[in-house]
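Student: Sequence:
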Amino acid sequence: MKHKIIILTDGDKIAKKAAERVAKNINGRCISISSGNPSKINGEEVIKLIKCAKEDPTIIMVDDRGDIGRGNGEKIIQTIIKSQEVILMGIVAVASNSAGSGIRVDYSIDKWGNIIKHAVDKYGNEKDNRIIIGDTINTINPNDVPVIIGIGDPGKMDGNDDLSKGCPILTAAVKLIINSYEK
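Heads up: the sequence shown begins at -2 in my numbering, then just goes up one per residue.
Distance condition first, Cα-Cα at most 27 Å in a straight line; then the derived DSSO-like pairs of lysine-lysine:
hint : residue 1 : residue 2
1    : K1        : K45
2    : K172      : K1
3    : K72       : K10
4    : K108      : K172
5    : K172      : K72
6    : K14       : K(-1)
7    : K180      : K21
For each label pair, taking beta carbons as the anchor points, the in silico distance ranges come out as:
hint : residue 1 : residue 2 : range
8    : S161      : D141      : 33 to 41 Å
9    : N138      : K114      : 17 to 25 Å
10   : N138      : N39       : 18 to 26 Å
11   : I113      : D159      : 14 to 22 Å
12   : K51       : K172      : 19 to 27 Å
13   : A96       : N138      : 14 to 22 Å
14   : E179      : K114      : 15 to 23 Å
None of these hints come from the bench; they were simulated from the model.
Keep in mind it's a predicted model, so treat the numbers as computed, not measured.
Glycine residues also receive a C-beta, built at the ideal position from the N, C-alpha and C atoms.
Work out the full structure, taking the sequences as your base and the hints as a guide.
Tutor: Below, the structure is given as structure tokens:
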């Protein structure tokens, strides 16, 4: 059985707690050791851990800590995309203030929980285009990913995605990926 994966392009302490909570919300798993700013393990190690997960989907975190070019987080994404052992359901692309060309989103969840067709900024505010700027997405070919959902930075959306509220923005993004995959 191939495990189904959802990638979150953030790995700091807040994102880790949010990803763990969302995994519980969806009855999935979170590979907590994939967190880090930047990610500290490599793609092969992530795949080994995913294969041990008892539930699907499995959420993993990748982070480049703003490194320009292909950092470790993006290398992990490329390993997963190329792997024949797991199924990538989609990516939750987290907006940041980093430089780069960004990536086109299919949809975003704004800081109010609305599904929108544009990208969002770091604070979850709607932009006037579909390009999300983030530090761990600049080298990804969107044609390699079934669906890309943008969100603001967990912890930076005026408290609307707070852990005490159950991380509703990130949960909505993950559920949108699951629903898109199941269609």
